[in-house]
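What follows is each chain in one-letter form.
Protein chains: 6
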Amino acid sequence: MGKRYISDLSEGERIVDHFLVQSKRLLTTKSGKSYLSLVLQDRTGRISGRVWDGADELNEKFRTNDTIKIDGTVELYNSERQLIIKRIRPSEPDEFDLADFVAHSAYDIDEMFLELRELVESVENPHLKALLDAFFEDEEFTALFRHSSAARNIHHVCVGGLLEHSLSTVRLCEYLTTQYEGLDADLLIAMAILHDIGKVRELEISPAINYTEEGNLLGHITIGIRMIGERIDRIPDFPPKLRTMVEHMILSHHGQSEWGSPRPPMFLEAEVLHRADDMDVKIDIITRALSEDSDPDSSWTKYHRALERVLYKKPSYEADTPPGDSPDE
Amino acid sequence: MGKRYISDLSEGERIVDHFLVQSKRLLTTKSGKSYLSLVLQDRTGRISGRVWDGADELNEKFRTNDTIKIDGTVELYNSERQLIIKRIRPSEPDEFDLADFVAHSAYDIDEMFLELRELVESVENPHLKALLDAFFEDEEFTALFRHSSAARNIHHVCVGGLLEHSLSTVRLCEYLTTQYEGLDADLLIAMAILHDIGKVRELEISPAINYTEEGNLLGHITIGIRMIGERIDRIPDFPPKLRTMVEHMILSHHGQSEWGSPRPPMFLEAEVLHRADDMDVKIDIITRALSEDSDPDSSWTKYHRALERVLYKKPSYEADTPPGDSPDE
Amino acid sequence: MGKRYISDLSEGERIVDHFLVQSKRLLTTKSGKSYLSLVLQDRTGRISGRVWDGADELNEKFRTNDTIKIDGTVELYNSERQLIIKRIRPSEPDEFDLADFVAHSAYDIDEMFLELRELVESVENPHLKALLDAFFEDEEFTALFRHSSAARNIHHVCVGGLLEHSLSTVRLCEYLTTQYEGLDADLLIAMAILHDIGKVRELEISPAINYTEEGNLLGHITIGIRMIGERIDRIPDFPPKLRTMVEHMILSHHGQSEWGSPRPPMFLEAEVLHRADDMDVKIDIITRALSEDSDPDSSWTKYHRALERVLYKKPSYEADTPPGDSPDE
Amino acid sequence: MGKRYISDLSEGERIVDHFLVQSKRLLTTKSGKSYLSLVLQDRTGRISGRVWDGADELNEKFRTNDTIKIDGTVELYNSERQLIIKRIRPSEPDEFDLADFVAHSAYDIDEMFLELRELVESVENPHLKALLDAFFEDEEFTALFRHSSAARNIHHVCVGGLLEHSLSTVRLCEYLTTQYEGLDADLLIAMAILHDIGKVRELEISPAINYTEEGNLLGHITIGIRMIGERIDRIPDFPPKLRTMVEHMILSHHGQSEWGSPRPPMFLEAEVLHRADDMDVKIDIITRALSEDSDPDSSWTKYHRALERVLYKKPSYEADTPPGDSPDE
Amino acid sequence: MGKRYISDLSEGERIVDHFLVQSKRLLTTKSGKSYLSLVLQDRTGRISGRVWDGADELNEKFRTNDTIKIDGTVELYNSERQLIIKRIRPSEPDEFDLADFVAHSAYDIDEMFLELRELVESVENPHLKALLDAFFEDEEFTALFRHSSAARNIHHVCVGGLLEHSLSTVRLCEYLTTQYEGLDADLLIAMAILHDIGKVRELEISPAINYTEEGNLLGHITIGIRMIGERIDRIPDFPPKLRTMVEHMILSHHGQSEWGSPRPPMFLEAEVLHRADDMDVKIDIITRALSEDSDPDSSWTKYHRALERVLYKKPSYEADTPPGDSPDE
Amino acid sequence: MGKRYISDLSEGERIVDHFLVQSKRLLTTKSGKSYLSLVLQDRTGRISGRVWDGADELNEKFRTNDTIKIDGTVELYNSERQLIIKRIRPSEPDEFDLADFVAHSAYDIDEMFLELRELVESVENPHLKALLDAFFEDEEFTALFRHSSAARNIHHVCVGGLLEHSLSTVRLCEYLTTQYEGLDADLLIAMAILHDIGKVRELEISPAINYTEEGNLLGHITIGIRMIGERIDRIPDFPPKLRTMVEHMILSHHGQSEWGSPRPPMFLEAEVLHRADDMDVKIDIITRALSEDSDPDSSWTKYHRALERVLYKKPSYEADTPPGDSPDE
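Protein chains in written order, with our numbering: chain A, 1 to 329; chain B, 1 to 329; chain C, 1 to 329; chain D, 1 to 329; chain E, 1 to 329; chain F, 1 to 329.
Derived from the structure by calculation, the hints contain no laboratory data. Among the hints, erroneous ones may be present.
Since copy identity is lost for identical chains, a pair holds within one copy or between any two.
[Unchecked claim] Calculated lysine-lysine pairs in the DSSO-like style (CA-CA distance at most 30 angstroms, straight line):
| no. | residue 1 | residue 2 |
| --- | --- | --- |
| 1 | K33 | K86 |
| 2 | K282 | K302 |
| 3 | K24 | K61 |
| 4 | K24 | K302 |
Every value quoted in this text rests on a predicted model; they were computed, and no experiment measured them.
Pulled out of the complex, with its shape left as it was, chain A reads as follows (with noise of 0.2 angstroms):
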């Protein structure tokens, strides 16, 4: 039988399955049984459990991002599921797929890295392929790239969210080479394609998606640098006014210090990446941010702390015409 998702459970199913421990409190009721309060997620979402019967061994037995075999049944509760879990231990390696536990880009990572590897083929500059080449024909990294997030918790949060970033990134940098005159359309798409690469070390997806301590006490800016500068001390004659542009380029790509960029965009491909890279970002947020949203009574979602604003979700505003005098007919 295939795995069963948390977002296809319903009322009174028993349910025997992996799940990943997002969180996990041993409490106590009132008459001073102990018992376990969980939260349980796989790649469709979350569920909170209960284990009313042996708590205080079975907490011993597991912890928070480990992931574990339930049997349980699931229960309303306040009008939301809950898992009443009757027994538990963790899983072996070996009887799942971590892949299951952590969201994925809805669009598949195949068709995307090849679509990628297209857009590098399209470099013409020998030193710029060269650098693309040293990162897209070795292995491990490709498979950390094809794998990683592109953030924590704002945008493109998934397995595959930094290809799917980068990709519409490159691809919206592609359309303006064609739109304005004096791009250098091999350093800007370059460029667009190695942007965030420090991110592939600055995130961990274990499952959940954490920084790592490199990641938090340097940020993926200076470890991109750091890895593209490694690749090119390998390589023959690269220019090294290119070397200066193109590290310029991923340190400006945030584009003020505020931001995290110390020196903003200096020539006109930073400037346009920066400007792709943050259209790309903020289309993700607004799009995730309505999406995630929950009460169809309200017309706006709640406040956005990264957005810093309330967003408005669009009524079909051809319903307010009364259909008789509509005026396309």
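Model the placement of chains B, C, D, E and F on the given structure of chain A, informed by the hints.
Here is chains B, C, D, E and F on its own, set in the frame of chain A:
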């Protein structure tokens, strides 16, 4: 004989032609003699001029921003060209073409306008189409719109500048509707066309580009909302919610209150419009700053106040590599 | 029997009356029994309530913001009054007066309105007088204006609040015209009356005070400019410059862009209006914060987020001096 | 013969009188001859002057900020009046009245002071009355207070300026006590009188208005608190809490830390004092900026740095309407 | 038997001793029974407590911030220690030592004070020495100074904290006078000793550390200037300029207006004092944040609001290297 | 004869020596004659010069930043010295010592470097010692490091300035390790030595001090991290965590993002390094501003843009007290 433009004048040449008076000062030499120090302008640039004889009298005959006919000779003064003017009189209205004295878009206005009209035709929503038609079938408006500048001195500062900027913004928005699901293409394209409409009344070209009193007191956002409202009032059955959304997109297109939008963009099309507008503006500012740079010895432009940075004049980074060693051979 | 208000309820009392449902949650005791936790509201305040029996069923019968009739008893729980509710049903529309459930201005609306009308009559400029008449001879508008709140939750939050705030602002402006030469009294007084006119459409009282969709997307400044423009359009020969100045005073009355005015006040009457408005608002916020303070043991109120400070509850500083030593004897 | 003021000088006139030296530079013509370039000042304005003969010698005889007697002729130079000076010597102390060289309040100092004294008498609280008396029955203080300027170059920059500004602030505060319940009139009026008291030592008129060393290192708020403290120390039984409140009102009257008040106003009278002070200051700044504007051709003043805006010189908006069409007929 | 401190309590232990009531709430179980939920404190930390019997009655007998004697047992509840309290009564004043209930500096107060007194003696300038003596030969002041905390909850929050912080600041300033020429050692050391003097009246330990009314309304800078002024008034021939400089160093020691100093440091000693003060404060904040961290599993502390960052708990970076490979062998 | 420095030149003196051309302009007198206006520089200061004869021809022979030999006479012009130059020719490379034309640290470079080397030896941690050796046993690096300036125009602007600043910072850090427990002395001292290492490539002295292209595009922080990374790559078994901490200390030493550090200091040594660096920088800026002040009549320096304030030139405050009254007698 055709008009002789400032950019073409060379040392020693005698010139009898019309110019716009950009500034005028009556000064006195140490020996007590009055002279006029002028800056003259046409669509290709500026040149300083001196009138050594009859300055007091001539000074009364014209004012800054007038067009005058001069008879003079081009001399070099401290490596720069200067007009030594013998005779001067105000131009008659029928003697010159105002268009000769103010910069024009580098693109053909008719072609740009044709393309914009086609984009107008692509809008299917009948309400938005009616709104666009209310503008673009109004000859008085279209004449003004085709002629207007997009700003006083930052970006697209020229006759046709508003049209050029609007068209670029629409094109970018159209591209984005092909890349991101869930964008309402009609709404986004219609509003990209109309987003800066208020500038036809905020600025005037006379031929210097200046704010009108209305422009200074209200700004193009408030003027634009009023212009749109006046037209919507005459469209039967325009949906009230759509009207509010249209007005919101004008209101929020500067992105945040510090930049003149009292409301931030509150739905996806409003956010995308803001960023597409800003992308085109910034590309024009940088391109303009690079093209206006006049010091060939430096790798850097002067400090740019609006951008708050200096810009790097990209060297030919290939040239760093000795020819024989080039990795692309 | 007249309505019994929340501020008057005392311990042990049985109460059968209508209240507004401010919030509602269905919870479950440890023993698995459902109960309802309510917050009820009338114009005098709020009280929490509990329904221990039949909670699941009753939960379906009404929603937040409904008015319900309850039968219950006032008990003390941890020093606070609480309603233990036995029976509950939705109120019929004709059973209650909405005005009982939302706060009212402490001043008489008719008296305030009369005073405002007299101030309208004092305006001599025929254009401005015509504009004021276009509002105050419109019964639909005046009904709305008299009823509106001046804000959602910061200042003058009550039925009649907009009228109360507008009147105070006008009075202060009138005083200032007697103190400072060169103030155009007609312009200042007319615009003080109209400055917040857009709030009649920005907010709705239902009976909770909330932003309308239009209010959230456009804000009262933009709405106000449109309301004024629609009326000016119907006044013959309204001077165009005066119209721009009128619109500028609406636009700039928040003083600076960060506070929602894309233009700062650009002439004296606009600046004075902004500061008179702000003076009245801040006095109301502080007065309100002091009157709502509920801890008699402290010399300080809680931290006030809008004011970004705590407030000092002025002690009777005379009391420090022993009676016999008082210097005023 | 009475003093001849700069504002009255006309072309061709010979003038022998005393002026204040605002600035002085020794320059050399191309032919190597020295000359003096002066700016002279009296209470009505400034005029530039030239000394062509004996410049080296005369240069040693006086310094900037001295008062000199000159013998010269008024000539026009580039449309502006200029003094061509033949003779020059330092003025003797008894030859001139310092008051002729620095601007005075447009209001009569005696009348203003009388009104302020009456307001002092209106304070009933014996402690606050005693504090006011400690200042206003001190002749040394009152002489200084009547003479002082309210600022160095922003607002009320003149002899009597501090008195004029204090009086306006008190009047506005007195009005507000009639409008808002719960304002402690004695406290508010007493502190409105005293709020800028520290300026008598922060600034000196000599006759240029400059910061004293103490003023620059401490500021008028800290100086004012000390001046008040020294007097309270000598008042028997002044309530300690009242003293703290009085000091807080001085400390907080600039409203927030960025404007020099380390504490925000923490009770209503402190907030009202801050806003009344600010209202009077801003009205004076705008009135001053409009009266100093010197370009009759523009509808706009120059950019005002303290206000961070240009100001609109209100046109006669009635004039837009053709007489025959006037709606008020 | 000596006092038993909270940090030493272990599971199962019976305890009869005095504690400070940090907070107190009367709650009710679902079955309707009242109980008291307390947080008790001594100088070593905090523990929660429960009173299950006689809660209503006991609740009336003491208030928050009182010291009580309890008889109870230590139990474990969800892995944390909790006191189950059987009996409770208010402590008598002579039964406890207030010093047991509030944290103390880790350094010996007598030793620190002795060192500070020696630094006082090192000041040679007679005026500054007289000023220091006016404080340190005043027993009332020194008792207060030795006891005071340096802040309410950010740094050096303990009895003796002000002394500890002042001493560290003086030491650092003394070191700097040996490194940089042109520092006036007497002025810098004297003011480093006195810079936070106002805190003895800004804060009170009762035993919770709180702002006094005077402290909240005026702040320690204004209080400190007054304390110094009162003493200078009694020192004959104290140079006025030195007084202004001394007051300026108090006024400016927070460095800029946003941090509470209306004037920035305007001479070198004032700047150095500001930075030495800040250095010591920040080192204490970070040391404190690391020592209070309670999660041994994470490399990072929780987010620290005052520092606006998380802190890295330095790993033993040597441990990364396998022992046998250590390069130092 | 030894070099004659600008600071020693006196009126009437004839001078034949080499100077650096700081700026050069070809101007024309009213009579039409060309002349050269120069500013010449050596390590002691600047002087203006005039070439009245043969200006057009001489103008072609040298450029700004060249070193030239001149023959001229010192004259006084408007109280300032000026060189009237008769002859001029470019200097030959072997005729001058570049060090004569740019300011040097006031301290001996050899002595400072020796002290720094001893501090390097004091580091015991073998990894950090190896890293320091990788720099200080590299003669090319040490030559550059000893020569470099610490900034372009704010602080330590001179040959040896980087060394002087680094040494002061290390000394202060070493002192702090003796005062505060828990500081890792090796880490702090090593990184204090290396914190500004990137400046050897960010700036160039030619002999004007300017940013390199790499310096402008990347900044010394990014360059420094790369320089350190290249050396760590060659050190066997350098602990990865230590590398990240070392890089973090470079990255964060400006303290916050607005000042160029994308990460704030996240452990104690990083915070201390930031503040020690800043302390030394600010002391140098203030000392420099006071020593460069040129107006002996004022108690205040000019407004200092980087410090955003004027500075008080400390008077001899003792002098206020009449000798006979001195309290120290």
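- Does the structure break any of the earlier hints, and which numbers would those be? none
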